[in-house]
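**Student:** Assemble the complex: chain A is given as a structure, and chain B must be docked to it using the hints.
Chains A and B are the protein sequences, given in the same order.
For the first sequence, full-length UniProt numbering begins at 1 and goes up steadily by one.
For the second sequence, full-length UniProt numbering begins at 1 and goes up steadily by one.
Errors might be hidden in some of the hints.
As the list claims (entries may be wrong) - In silico BS3-like cross-links for lysine-lysine, where the CA-CA straight-line distance does not exceed 30 Å: (1) K339/A with K598/B; (2) K44/B with K251/A; (3) K282/A with K146/A; (4) K573/A with K439/B; (5) K311/A with K315/B; (6) K293/A with K146/A; (7) K253/A with K574/B; (8) K37/B with K347/B; (9) K146/A with K315/A; (10) K24/A with K541/B; (11) K251/B with K598/A; (12) K598/B with K17/B; (13) K17/B with K541/A; (14) K339/A with K541/B; (15) K574/B with K439/A; (16) K573/B with K347/A; (17) K573/A with K383/B; (18) K600/B with K439/A; (19) K541/A with K44/B; (20) K24/A with K439/B; (21) K600/B with K251/A; (22) K17/A with K541/B; (23) K574/A with K339/B; (24) K251/A with K598/B; (25) K24/B with K573/A; (26) K600/A with K253/B; (27) K24/B with K347/B; (28) K315/B with K315/A; (29) K251/B with K600/A; (30) K24/B with K37/A; (31) K292/B with K146/B; (32) K622/B with K17/A; (33) K574/A with K541/A; (34) K24/A with K582/B; (35) K541/A with K339/B; (36) K339/A with K37/A.
To be verified - Each pair of labels, with its calculated beta carbon distance range: (37) N340/B with N604/A: 13 to 21 Å; (38) S334/B with T26/A: 31 to 39 Å; (39) H50/A with E535/B: 16 to 24 Å.
By construction, these hints were calculated from the structure, which means they are not laboratory data.
Positions of the beta carbon are idealized from the N, C-alpha and C atoms, including for glycine.
2 protein chains.
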Amino acid sequence: MECTHRVAIPPPQPFVKSLKCSLKETFFPDDPLRQFKNQPPSRKLVLGLHYFFPILQWAPRYTFEFLKSDLVSGITVASLAIPQGISYAKLANLPPILGLYSSFVPPLAYAMMGSSRDLAVGTVAVPSLLLASMLGNEVNANENPKLYLHLAFTATFFAGVFQASLGLLRLGFIVDFLSHATIVGFMAGAATVVCLQQLKEILGLDQFTHATDLVSVLRSVFSQTHEWRWESGVLGCCSLFFLISTRYFSKRKPNFFWISAIAPLTSVVLGSLLVYLIHAEKHGVQVVGELKKGLNPVSLGDLEFFSPYLKATIKTGIITGVIGFAEGIAVGRSFAMFKNYHIDGNKEMIAFGMMNIAGSCTSCYLTTGPFSRAAVNYSAGCKTALSNIVMAIAVMFTLLFLTPLFHYTPLVVLAAIIISAMLCLIDYEAAIHLWQVDKFDFVVCISAYIGVVFGSVEIGLVIAMAISLLRVLLFIARPRTMVLGNLPNSTIFRNAEQYPNASNVPGVLILQIDAPIYFVNASYLRERIARWIDEEEDRIKSSGETCLQYVIMVMSAVGNIDTSGISMLEEIKKAIDRRGLKLVLANPGGEVMKKLHKSKFVENMGQECIYLTVGEAVAGCKYMLQTCKSNPVIVAETRNLT
Amino acid sequence: MECTHRVAIPPPQPFVKSLKCSLKETFFPDDPLRQFKNQPPSRKLVLGLHYFFPILQWAPRYTFEFLKSDLVSGITVASLAIPQGISYAKLANLPPILGLYSSFVPPLAYAMMGSSRDLAVGTVAVPSLLLASMLGNEVNANENPKLYLHLAFTATFFAGVFQASLGLLRLGFIVDFLSHATIVGFMAGAATVVCLQQLKEILGLDQFTHATDLVSVLRSVFSQTHEWRWESGVLGCCSLFFLISTRYFSKRKPNFFWISAIAPLTSVVLGSLLVYLIHAEKHGVQVVGELKKGLNPVSLGDLEFFSPYLKATIKTGIITGVIGFAEGIAVGRSFAMFKNYHIDGNKEMIAFGMMNIAGSCTSCYLTTGPFSRAAVNYSAGCKTALSNIVMAIAVMFTLLFLTPLFHYTPLVVLAAIIISAMLCLIDYEAAIHLWQVDKFDFVVCISAYIGVVFGSVEIGLVIAMAISLLRVLLFIARPRTMVLGNLPNSTIFRNAEQYPNASNVPGVLILQIDAPIYFVNASYLRERIARWIDEEEDRIKSSGETCLQYVIMVMSAVGNIDTSGISMLEEIKKAIDRRGLKLVLANPGGEVMKKLHKSKFVENMGQECIYLTVGEAVAGCKYMLQTCKSNPVIVAETRNLT
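Chain A with its partners taken away, still in its complex shape (with noise of 0.2 Å):
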């Protein structure tokens, strides 16, 4: 019996080589250095300098063309920021004119340094509100706001530099690690969170709690009944009307999606005119008040880097800083493949971080690329990052000179504004997908719901990490076996439950492995590969088959096995012979065939067991089968011998 190929052993190569190679694999999968190979110095400079700055890119082929789009984009962005600015920054327990000066500077930053051409910058919903529970349980906002705003500064500087230095180590992939299920329930709980914390200003209440849990919420509003009022309620209802049938409309008119870009802006000016014009804030209607005229002021100062606070403040920029960029990128990405280019994240990160830093020396809090501004933005027509530049100088005409114009915009309005907001991000659809497709992911999903609503933000993060993490954990810790069967009429060989056809071969066992052999599955593995062949046994037995001689083991799917798993299988050979059958093994990838080898595993078990493919090992088994019938002594001398 001959086989026509060998399973070859990759030639040794030096211990450096490999290493650097694997580094490579890890933290530069994308390559970004690829364009900078073989080029002069001055061209490598130039190429840099594009890197970090994609403005200096797209700059210099800018066309009249793209100028009329980006206006058109950037206008219709701005008038859906300065509403959701100032709504955002009172969600944070901030000033509403951050929200203002925080959709002017970090664009601009953007702009230059950001390389995708869909995203509109600006504050989002869910870092707010992390932000202020987070801060919120060092320092009270109403009793010490100085302190508190110097404190949302200092966060966000620090977020900005954990940003751009993970962006620098290329660690960006650790966003990653949030997936999708994790995402769509996060999202949905802090929604629901975020639209609890608006009963608020649609009650028209003075007094609120800070915990942002459903038990806490539910338990303060129906603690002050007597305290609520319907003037704020009916004009928030109606607002909150206006603004989801406008979205409901312009979903379905897809023309006419300016209506509901607008739709904020417009219930802004109407609420305001209806307070300014009936005194409603001398009713219970509470407003914004004065906003002070003029750019962002200068906060570098206001870092505070030597206060007792200094830990609670890097944990809130990091956690606020992770989830923002997250929200960020996923946008960017989608966007950037609806029109077919690429997003690096790692350098979309340094991006953001910079935008950051920037931003907390100038009176601004967490940005980042939000979906509502960034699908208005697209669905717009904008080209560049350009429409970015656009919004800022809206906003800083606003600034300049409308402040005074949103003295009497009533606070309900913006909650209306907000509550229409997240109503998007609460996506069921996603969830029933997730139910249908995966039931571990939707187990993820709900965890980080029901953690987000009923404990905190930070608590439905940790959970669907965590449970994220032990799905994959449990896949190698109990990999699937299985028994494989001859298709018929082939030399294919396939999982038998799969293809109900497949057949057995008499007096083979081939059991196929289905993830790598670690430390975590040897123990397992052992187990479970004992059990096999006694089922198998008891099955013969039964059923009165030729008695089991072979065990092939199918490698293919084996990634890479460990010290731990090379001990495994030399006690399952052990166990095996002992019972007088033998082992064969099929297909033993590459990496897994150079440990053998070092191992001495491959000397041990002689190089003839081990077969290139499945079809190959069981003719031989075959082969061997076949001689020791027609001479049944050598059978059981063999037997004896081992």
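**Tutor:** Below, chain B without anything else, positioned relative to chain A:
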């Protein structure tokens, strides 16, 4: 073109059934209830009793032959157990008599419930040291010996409860998370630390640091050079030389195993005699002092459940419990393998737990199955767990009548016994083997060692486990992708790097992914696959081959996929379509196929693009390529359409 086989979509299974099935695989991989199936209730009861009390199984078949062997081995082990027990109790800062107590009750409990025939139960060095260092942080053993003693009993109780409940909950697999490499490094580190602690006795010092790290110990030793006692040192070195040389001799002549087994007792007897005769206790040689005669007093009332140290006690119990059990089960399994019988980890865990609970109520501290005793037991030819009972009876006699003989036993001889036992645990050959076979495992091993020696036992353990788990996660987060080529004269496709003679198929790129597609690697794979295609197109451009038309993704090693992975596949498909190429899948497994089907990916892609083998996929692509070549207009049109 026709394919003989189609990729089957496994029939949908009811959710409850598949959940039950995967829970069973996770917690009952060894199917312990198998023997209970189809049995009458009375038989089930008997089997259940046999399960929890294996003594009922072997006692009825016990023979006189067995008794002879067990008597010899039990007495030999006792001669090792008595000096070892006293030494380790000193190591744990507990009264020496506790070491004897702990060799009396627990072995009796284990003989009833344990399923190993070779384990000889007793105290061990590493958990003893851990107990001293962890409880020592809370209570000073010299200043408050009574409280310290009670806390030690309580910690033992919690260790027992923890072990038993893990066993009952079928969670014994958590010890699998201690990889072989971690254990090698950890044990060597712990042995180094234990030996360092013995410098106190060897040099005859009164004062000594409570810390266990190398730096603190050396500082403590060299800060009091004037206190060193040469008498103690000489006696210690002589004993150590005697012990090591007997071990060496026994290793050379396996028939004289008993020489190394009784060497500790011999050195204790000789040392005590010497001290008694020359009154060395008055010349700087510290002695054990008085040992109380009599059996274990009941200590149930001494358990401190309401002390302020409860948290520390529970933590100590859990950590010492896990480490003790890990050693015991590893030793038990190794000897079971030699003798070809099976040990159920969860059942053993229950036995260890009950043994420690019983011990904590009878003045014993943490016990397990130490390697040294099991090795002596095995070499002495033990047949059943009765050797434990024999040993316990021998210890009982010692407790009742012989304790006064240990009054003059020099502590330095006990220190020598500990050192000589510890030296075996520094397995440098295993570390060299790790370096040769698997560099990553070597890093794990060395970090465990350095962590233990320079930090503390817990730090070393945590670092090593974190690195080991990181490796598992990294395997999933950065799966290998490789290009397959055709082996000459076959339809076999294998990794082109492993098989340099594999040739690529013109116009077709065959990519294999080596891990399940989960959220942690979805982004990576998207970028990596895009890069493979870029590189292939660059290569083709420079070589002028047929331009790329098909990308075949080989899914053989993709064991599972989650919803993030499915989105990634959809994105890849879109990206490939947009380049004017076509995506083809080869050999997706049952689980993957099920999810791709549920998420409508199969439908979108067209089932005709999913092939059962790489060979068929390539044949399909080639067929299409030929059709296109003979009719190039179609290609152009297809390209424009996509």
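**Student:** State for each hint whether it applies.
**Tutor:** Hints, one by one, checked against the model:
no. : hint                           : result
1   : K339/A with K598/B             : holds, 28 Å
2   : K44/B with K251/A              : violated, 66 Å
3   : K282/A with K146/A             : holds, 28 Å
4   : K573/A with K439/B             : holds, 24 Å
5   : K311/A with K315/B             : holds, 27 Å
6   : K293/A with K146/A             : holds, 19 Å
7   : K253/A with K574/B             : holds, 26 Å
8   : K37/B with K347/B              : holds, 19 Å
9   : K146/A with K315/A             : holds, 20 Å
10  : K24/A with K541/B              : holds, 25 Å
11  : K251/B with K598/A             : holds, 28 Å
12  : K598/B with K17/B              : holds, 18 Å
13  : K17/B with K541/A              : holds, 28 Å
14  : K339/A with K541/B             : holds, 25 Å
15  : K574/B with K439/A             : holds, 26 Å
16  : K573/B with K347/A             : holds, 25 Å
17  : K573/A with K383/B             : holds, 25 Å
18  : K600/B with K439/A             : holds, 16 Å
19  : K541/A with K44/B              : holds, 24 Å
20  : K24/A with K439/B              : holds, 17 Å
21  : K600/B with K251/A             : holds, 25 Å
22  : K17/A with K541/B              : holds, 28 Å
23  : K574/A with K339/B             : holds, 12 Å
24  : K251/A with K598/B             : holds, 28 Å
25  : K24/B with K573/A              : holds, 26 Å
26  : K600/A with K253/B             : holds, 28 Å
27  : K24/B with K347/B              : holds, 17 Å
28  : K315/B with K315/A             : holds, 27 Å
29  : K251/B with K600/A             : holds, 25 Å
30  : K24/B with K37/A               : violated, 54 Å
31  : K292/B with K146/B             : holds, 16 Å
32  : K622/B with K17/A              : violated, 37 Å
33  : K574/A with K541/A             : holds, 23 Å
34  : K24/A with K582/B              : holds, 29 Å
35  : K541/A with K339/B             : holds, 25 Å
36  : K339/A with K37/A              : holds, 28 Å
37  : N340/B with N604/A: 13 to 21 Å : holds, 19 Å
38  : S334/B with T26/A: 31 to 39 Å  : holds, 36 Å
39  : H50/A with E535/B: 16 to 24 Å  : holds, 22 Å
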